[in-house]
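S.K.: Start from chain A and add chain B according to the hints.
Residue numbers (my numbering), protein chains in the order written: chain A, 1 to 373; chain B, 1 to 373.
Hints may be right or wrong, so weigh each one.
All copies of an identical chain are treated as equivalent in the list; a pair is satisfied when it fits inside any one copy or across any two copies.
Unchecked claim - Using 27 Å as the maximum straight-line C-alpha spacing, the simulated DSS-like pairs for lysine-lysine come out as follows:
#1 K242 with K11
#2 K293 with K310
#3 K242 with K257
#4 K146 with K60
#5 K116 with K93
#6 K60 with K93
#7 K60 with K310
#8 K116 with K306
#9 K310 with K11
#10 K116 with K241
Quick caveat, the hints were computed from the structure, so don't treat them as lab data. Computed from a predicted structure; not experimentally measured.
Protein chains: 2
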Amino acid sequence: MSSLTTTHPAKGLEGVVATTSSICYIDGEQGVLAYRGIDIHELADNANFEETCHLLWFGKLPTRNELKDLRERLARERQLDPAIVNLLRTAPKHITPMDVLRTAVSALSFYDPDQKSNDHEANIRKAIRLTSQIAMIVAAYDRIRKGGNVVEPDRSLSHSANFLLLLNGERPSETAERALDIALILHADHELNASTFAARVTAATLSDMHSAITSAIGALKGPLHGGANEAVFLMLQEIDKKGVDPVEYVRGQLAQKKKISGFGHRVYHTEDPRATHLRRMSRDLGNTSGQGKWFEMSSRIEQFVKSEKKLNANVDFYSASTYHTLGIDVDLFTPVFAVSRISGWTAHVIEQLDDNRLIRPRADYVGPSYPQH
Amino acid sequence: MSSLTTTHPAKGLEGVVATTSSICYIDGEQGVLAYRGIDIHELADNANFEETCHLLWFGKLPTRNELKDLRERLARERQLDPAIVNLLRTAPKHITPMDVLRTAVSALSFYDPDQKSNDHEANIRKAIRLTSQIAMIVAAYDRIRKGGNVVEPDRSLSHSANFLLLLNGERPSETAERALDIALILHADHELNASTFAARVTAATLSDMHSAITSAIGALKGPLHGGANEAVFLMLQEIDKKGVDPVEYVRGQLAQKKKISGFGHRVYHTEDPRATHLRRMSRDLGNTSGQGKWFEMSSRIEQFVKSEKKLNANVDFYSASTYHTLGIDVDLFTPVFAVSRISGWTAHVIEQLDDNRLIRPRADYVGPSYPQH
Numbered sequence: 001m002s003s004l005t006t007t008h009p010a011k012g013l014e015g016v017v018a019t020t021s022s023i024c025y026i027d028g029e030q031g032v033l034a035y036r037g038i039d040i041h042e043l044a045d046n047a048n049f050e051e052t053c054h055l056l057w058f059g060k061l062p063t064r065n066e067l068k069d070l071r072e073r074l075a076r077e078r079q080l081d082p083a084i085v086n087l088l089r090t091a092p093k094h095i096t097p098m099d100v101l102r103t104a105v106s107a108l109s110f111y112d113p114d115q116k117s118n119d120h121e122a123n124i125r126k127a128i129r130l131t132s133q134i135a136m137i138v139a140a141y142d143r144i145r146k147g148g149n150v151v152e153p154d155r156s157l158s159h160s161a162n163f164l165l166l167l168n169g170e171r172p173s174e175t176a177e178r179a180l181d182i183a184l185i186l187h188a189d190h191e192l193n194a195s196t197f198a199a200r201v202t203a204a205t206l207s208d209m210h211s212a213i214t215s216a217i218g219a220l221k222g223p224l225h226g227g228a229n230e231a232v233f234l235m236l237q238e239i240d241k242k243g244v245d246p247v248e249y250v251r252g253q254l255a256q257k258k259k260i261s262g263f264g265h266r267v268y269h270t271e272d273p274r275a276t277h278l279r280r281m282s283r284d285l286g287n288t289s290g291q292g293k294w295f296e297m298s299s300r301i302e303q304f305v306k307s308e309k310k311l312n313a314n315v316d317f318y319s320a321s322t323y324h325t326l327g328i329d330v331d332l333f334t335p336v337f338a339v340s341r342i343s344g345w346t347a348h349v350i351e352q353l354d355d356n357r358l359i360r361p362r363a364d365y366v367g368p369s370y371p372q373h
Numbered sequence: 001m002s003s004l005t006t007t008h009p010a011k012g013l014e015g016v017v018a019t020t021s022s023i024c025y026i027d028g029e030q031g032v033l034a035y036r037g038i039d040i041h042e043l044a045d046n047a048n049f050e051e052t053c054h055l056l057w058f059g060k061l062p063t064r065n066e067l068k069d070l071r072e073r074l075a076r077e078r079q080l081d082p083a084i085v086n087l088l089r090t091a092p093k094h095i096t097p098m099d100v101l102r103t104a105v106s107a108l109s110f111y112d113p114d115q116k117s118n119d120h121e122a123n124i125r126k127a128i129r130l131t132s133q134i135a136m137i138v139a140a141y142d143r144i145r146k147g148g149n150v151v152e153p154d155r156s157l158s159h160s161a162n163f164l165l166l167l168n169g170e171r172p173s174e175t176a177e178r179a180l181d182i183a184l185i186l187h188a189d190h191e192l193n194a195s196t197f198a199a200r201v202t203a204a205t206l207s208d209m210h211s212a213i214t215s216a217i218g219a220l221k222g223p224l225h226g227g228a229n230e231a232v233f234l235m236l237q238e239i240d241k242k243g244v245d246p247v248e249y250v251r252g253q254l255a256q257k258k259k260i261s262g263f264g265h266r267v268y269h270t271e272d273p274r275a276t277h278l279r280r281m282s283r284d285l286g287n288t289s290g291q292g293k294w295f296e297m298s299s300r301i302e303q304f305v306k307s308e309k310k311l312n313a314n315v316d317f318y319s320a321s322t323y324h325t326l327g328i329d330v331d332l333f334t335p336v337f338a339v340s341r342i343s344g345w346t347a348h349v350i351e352q353l354d355d356n357r358l359i360r361p362r363a364d365y366v367g368p369s370y371p372q373h
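Chain A on its own, in the form it takes in the complex:
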């Protein structure tokens, strides 16, 4: 192919730099993750999700007044058009929540007051709106499919507390609110992960925010991306149900050449810095809720896989037991990932559009030979 500048296919684009970005710094060797130059450990220890959103969207942590303003803007957007609620009500009850979320977010574009605008400020407004609306959709669909009522939002609550209220019908404890908030901070961004990259590829045709986020949700749905913590919990559940020793179970799986979900990462070659916080949350929530068994099982599996396969637990491994202990159904783990990652997705779409170039790689043709004339 004469017009290509490189001819060696980079399968999966592993190690290929697709763009510059000011949003997320990852050092896979040192186990460092930072948003806009601020270390994830500092954010997990000292910030809340709204501050993290401000950091991602505006490039810096907010002042007290800026935080108040953003919290108010997010709270004002806690509303869904009745047509969206109707879409959730009429979706067949057996449907994967991610299919419903993808469809509902695509339909949100019908009712967005900035639908025709794709400029920076309009996209900031859409980012705020989508962050509020995605949390509402996830919670409302879970209530609807279980035959419950859709809970009215409380605009005085934080984003995390309001989400847990909408999901469970009652105000969460401070511990639960903080645990979810930390989980949302930890999942908010991760550079060019597959869903964020799908969002940027879509946006780069100068399409729009809703198209880009719909693509991201579709990509996040896949078990190689958002589905991993779901697989982790299904494994824990099976071990629990069978009453077997977790280490023996995992040893058996490895002997059958089966992959253990929640370990290893394409980018991190040391501990995933997010795992550190999720491990602690899983332990603390287990202790306070009387459901310590999930953490204990997880911890023994982690030590075994580490010594046996030299693989580190990743962000998904301890989020499984954490989410379960927070009362989140296993098939909502990936939607809750979207409730967080919408902050990073929207920041990346805005960055892409601020200095856009169509993303269009080439393929190395290996099919039937083209007839020579």
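M.R.: Structure of chain B alone, referenced to chain A:
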């Protein structure tokens, strides 16, 4: 960034080979396009859209019996769940058809009998189903928004003739049927164009066909991709309305440093081989319909831009006048592109899943410096 194998960002991934593929061969220097080793000129002259679908999905042109079988399978799928038609009816009437199409295709996943399956055969069935259903959605929404009735499909007709029947409420002439069929063949695939790449990025997390196609539709919506022929026609319409000389109009636009849509291509550095056929179709349809002015205008602009800017007309330039002469509204040009490209998108998703690897590039971090500890 120590873990990267390349550090020079390939902005827009231009010239980067992202995968091997057996579907589409492009030689941008020689102006060659071939699907599965068969030249686009041969297909445009001798094949129909159903044969092209068979070629893309199964890797070879069909025998007479295989073609009969595929035509029957496509015809059997000419049905939409009433919930999808209801979604089209309840969408606000001012919405861009691409937003409606993206949402409706996402919702099709709710009703797909293979919803839980992601294997090769299930995805072939989804490809056939989506090819029939996307054509029906585009036509039905256009009827509904204009206050018309949804037309019953005719299972004895070809894909192209049935689409024109559903759109216009009457059987098309043989000339119109063949013109649309050639347009669908020419647009069916184009290697890793942005929408196909979005579909593959989404599928590569082991997500599903509907998620991947929803991403593709979102990407196609952007004016740097599917929107270009729409921009071409709006220009022709403005020239016609103002009664100005087309060459003077374009000269004025170029003097103001404005870009003329429908010229140049990232991949082709010579004539886009698809433009050859669309130019002829635009001319022939103009002659037989008494609407020759659109072709004449286009032809004069093409010659001027070629001599002035050394840019060749691309696939979009003559599809504008062709589609208009076929009675297709300007904001349906991009949806009609999807009616064709669904064949290539689905072929690429199936190829991706047959030998999958997560598509996850890296970014070169240029943001605030990460604090050293």
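S.K.: Starting from the hint list further up, note which numbers the structure goes against and sort them upward.
M.R.: The structure breaks hints 1, 4, 6, 7 and 8; every other hint is satisfied.
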